[in-house]
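So you can see what is in the structure, the chains are spelled out below.
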Amino acid sequence: MEYLKAFITGGIICIIGQILIDKTKLTSARILVLFVVAGCILGGLGIYEYIYNFGGSGATVPLTGFGYLLSKGVIEEVDKIGFLGAFTGGLKASAGGISIAVLFSLLAAIIFKPKEK
Amino acid sequence: MDTSESKKKEYQKSVKNLSPNSPIIKNCIWAFFSGGAICTFGQILNNYFKSLSFGEDNTALLVNIVLIGMSAVLTGFGLYSKMGKHCGAGTIVPITGFANSMVSPSIEFKTQGFILGLGAKMFTVAGPVIVYGITTSIIVGIAHYFLAG
Amino acid sequence: MINMQKRLGKHTVNIEKPVYIISTAALAGKKEGEGPLKDYFDYIADDIMFGEKSWEKAESKFFKKAFDMALKKSGKTYNDIDYMLSGDLLNQCGGSTFGLRDFKIPFLGIYGACSTFGEAISIGSMLIDGGFAQNVLCGAGSHFCSAEKQFRFPLELGTQRPPTATWTVTGAGAVVLSSKGKGPKVTCITTGKIIDMGIKDAANMGAAMAGAACDVISAHFKETGRKPDYYDVVATGDLGEVGKALLKKYLAEENIIFKNNITDCGLEIFDNEKQDTHSGGSGCACSAVTFSGYYYKQLTQNKIKRILLIPTGALINTDISQQGETIPSIAHAVAIEME
Chain A
1 MEYLKAFITG
11 GIICIIGQIL
21 IDKTKLTSAR
31 ILVLFVVAGC
41 ILGGLGIYEY
51 IYNFGGSGAT
61 VPLTGFGYLL
71 SKGVIEEVDK
81 IGFLGAFTGG
91 LKASAGGISI
101 AVLFSLLAAI
111 IFKPKEK
Chain B
1 MDTSESKKKE
11 YQKSVKNLSP
21 NSPIIKNCIW
31 AFFSGGAICT
41 FGQILNNYFK
51 SLSFGEDNTA
61 LLVNIVLIGM
71 SAVLTGFGLY
81 SKMGKHCGAG
91 TIVPITGFAN
101 SMVSPSIEFK
111 TQGFILGLGA
121 KMFTVAGPVI
131 VYGITTSIIV
141 GIAHYFLAG
Chain C
1 MINMQKRLGK
11 HTVNIEKPVY
21 IISTAALAGK
31 KEGEGPLKDY
41 FDYIADDIMF
51 GEKSWEKAES
61 KFFKKAFDMA
71 LKKSGKTYND
81 IDYMLSGDLL
91 NQCGGSTFGL
101 RDFKIPFLGI
111 YGACSTFGEA
121 ISIGSMLIDG
131 GFAQNVLCGA
141 GSHFCSAEKQ
151 FRFPLELGTQ
161 RPPTATWTVT
171 GAGAVVLSSK
181 GKGPKVTCIT
191 TGKIIDMGIK
201 DAANMGAAMA
211 GAACDVISAH
221 FKETGRKPDY
231 YDVVATGDLG
241 EVGKALLKKY
251 LAEENIIFKN
261 NITDCGLEIF
271 DNEKQDTHSG
281 GSGCACSAVT
291 FSGYYYKQLT
301 QNKIKRILLI
311 PTGALINTDI
321 SQQGETIPSI
331 AHAVAIEME
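Chains A, B and C are the protein sequences, given in the same order.
Read in order, the letters of the first sequence are residues 1 to 117 in our numbering.
Read in order, the letters of the second sequence are residues 1 to 149 in our numbering.
Read in order, the letters of the third sequence are residues 1 to 339 in our numbering.
No wet-lab data here; the hints were simulated from the structure.
For clarity, every value in this text was computed on a predicted model and none was experimentally measured.
Hints should not be assumed to be uniformly reliable.
Stated by the list, open to error - Dumping the calculated PhoX-like pairs for lysine-lysine here, alpha-carbon to alpha-carbon at most 25 Å: (1) Lys-222(C) / Lys-7(B); (2) Lys-6(C) / Lys-222(C); (3) Lys-200(C) / Lys-85(B); (4) Lys-274(C) / Lys-7(B); (5) Lys-82(B) / Lys-180(C); (6) Lys-85(B) / Lys-26(B).
Throw the hints in and build the complete structure from the sequences for me.
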């Protein structure tokens with residue numbers, strides 16, 4: 001059941017992205033920005049919590065989940081250390097993901113050669 | 001060719017009529033199943049790492065490591081773009097798509113050197129995501145401080 | 001004083017003295033070498049890198065080889081060539097200039113996006129007709145990967161190509177124009193204006209360019225007094241399915257109606273269904289390789305007698321496009337006939 005919920009939640013979030021791509025001709029870069037910002041705002045408003053509770057990884061794996069992570073981190077940090085937490089909380093919470101993506105990108109670029117489509 | 005504003009408008013209308021639309025239903029089905037599958041895989045990893053009694057934060061991080069690592073390898077072998085051709089948003093929206101957007105320019109711009117090629121171009125897509133993500137989080141943090149604090 | 005025998009109108013000039021296309025060379029990439037025109041190419045590279053370290057270097061090598069081969073086939077030497085005209089899609093015409101830097105022939109770099117091949121033959125023919133040159137080497141080329149890298153997204157990025165998108169042809173085509181010799185003659189040149197129909201979608205270049213093609217074709221028929229059936233083939237450069245449909249519609253509005261003699265190089269070079277190239281082929285190499293390989297042989301083997309070649313170009317500048325601008329376009333028509 002947990003898996004089915006993750007499947008459906010993730011699938012629906014991707015469908016929203018697909019409709020935006022096909023209907024508005026937004027580039028994938030814009031879609032990703034939009035999804036992170038949307039996830040962060042929905043997280044800040046406490047709405048994404050519900051999606052997460054229902055969908056689990058279906059809510060955290062899409063980029064909206066990255067936005068949610070930013071909002072969760074920043075809120076926790078503000079609660080812990082006060083106003084200045086607004087400037088550190090988001091990046092702190094997402095530090096692991098970003099560092100890994102940077103490292104793997106660097107490694108992949110060293111190992112692999114560019115390819116034709 | 002008449003290039004008056006009214007003719008241009010009429011021309012743009014004809015372009016719309018004569019240009020085939022993207023097969024949106026088919027694309028959405030692909031996006032749903034591929035995106036759903038990636039998320040389910042994330043859930044499987046999540047449960048697995050939890051069963052090894054990693055804490056919640058560490059579990060989330062480990063899931064990301066595996067997904068980003070897989071995306072990097074698939075991108076390197078040129079397979080991620082092949083998947084993306086069919087899956088569309090199904091492979092763009094998940095964290096694997098974010099990783100793909102960092103790995104692909106890194107590989108491609110390696111020929112321009114490690115600093116201004118690889119190092120700089122790595123963030124052509126991911127850069128804006130991080131910029132606006134962090135900015136939004138700061139706004140959320142400040143709003144939380146004043147409204148909830 | 002303008003020579004009114006040479007100038008037929010605002011856009012069109014008559015090439016009075018004979019300008020022969022005495023040889024051509026068509027070099028193509030692997031994908032093009034699997035397409036319908038595979039038997040007509042002089043050389044097919046089996047690797048997109050062409051043995052080089054980068055796509056940009058591969059593109060330069062295509063130029064070098066194509067120009068070399070056209071020269072060799074013409075029987076001329078480097079010393080016989082008075083001018084060399086070439087251009088491509090890379091910034092500052094990098095493909096041409098780096099590929100041709102060892103040739104030691106006076107060089108004029110030109111840019112007309114994918115219409116460059118038409119521009120090269122136009123200027124080359126005028127140089128000969130004007131008595132400034134006897135032999136001119138003209139060419140154009142493009143490379144799928146370097147073009148994608150410069151104009152769009154990294155190749156490994158998992159994006160979808162919409163059905164209106166075209167596929168940049170990898171390769172280079174070159175021709176030797178000469179005042180003496182044998183072969184089809186360049187008889188008439190219609191130079192296009194910059195036409196902008198307000199299209200912004202960079203994934204629908206055919207739509208952006210069809211207006212320019214329509215403009216130059218109607219000017220050509222008006223100023224020469226020729227009729228559409230004068231030509232065995234009227235071939236636009238890289239409009240693709242979408243652009244071709246638009247072109248036909250707007251030509252019909254100007255009462256220029258073709259039977260079956262209108263086509264598009266982008267539709268000849270690829271099998272869109274089988275090769276998954278969506279709307280068709282594009283790029284400088286599209287018309288250059290299709291003419292140098294396919295149509296030139298059709299002419300010399302007397303399968304066709306007259307062709308109007310109209311390479312089309314979308315004058316995109318990535319920086320200005322990002323500022324929200326529409327896509328200006330251009331097309332140049334060149335009439336080539338067997339005696």
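Notebook entry, point to check: Taking only the CA atoms, is the gap from Lys-200(C) to Lys-85(B) under or equal to 25 Å?
Noted result: Satisfied, since the Cα-Cα distance of roughly 23 Å is no more than 25 Å.
Margin query: Next pair to validate is Lys-274(C) with Lys-7(B); report whether the Cα-Cα distance is within 25 Å.
Written below: Between Lys-274(C) and Lys-7(B) the Cα gap is close to 36 Å, so the pair fails against 25 Å, i.e. violated.
Check: Is the Cα-Cα distance between Lys-85(B) and Lys-26(B) 25 Å or less?
Finding: Since the Cα atoms of Lys-85(B) and Lys-26(B) sit roughly 12 Å apart, the hinted pair holds (cutoff 25 Å).
Checklist line | Hint consistency between Lys-222(C) and Lys-7(B) [alpha-carbon to alpha-carbon, up to 25 Å] | finding: 21 Å, holds
Notebook entry, point to check: Do the alpha carbons of Lys-6(C) and Lys-222(C) lie within 25 Å of each other, as the hint requires?
Noted result: 16 Å, holds
Notebook entry, point to check: CA of Lys-82(B) to CA of Lys-180(C), is that 25 Å or under?
Noted result: Distance ~51 Å between Lys-82(B) and Lys-180(C) Cα, so the pair is violated.
Hint compliance for this structure: hints 4, 5 are broken, all remaining hints hold.
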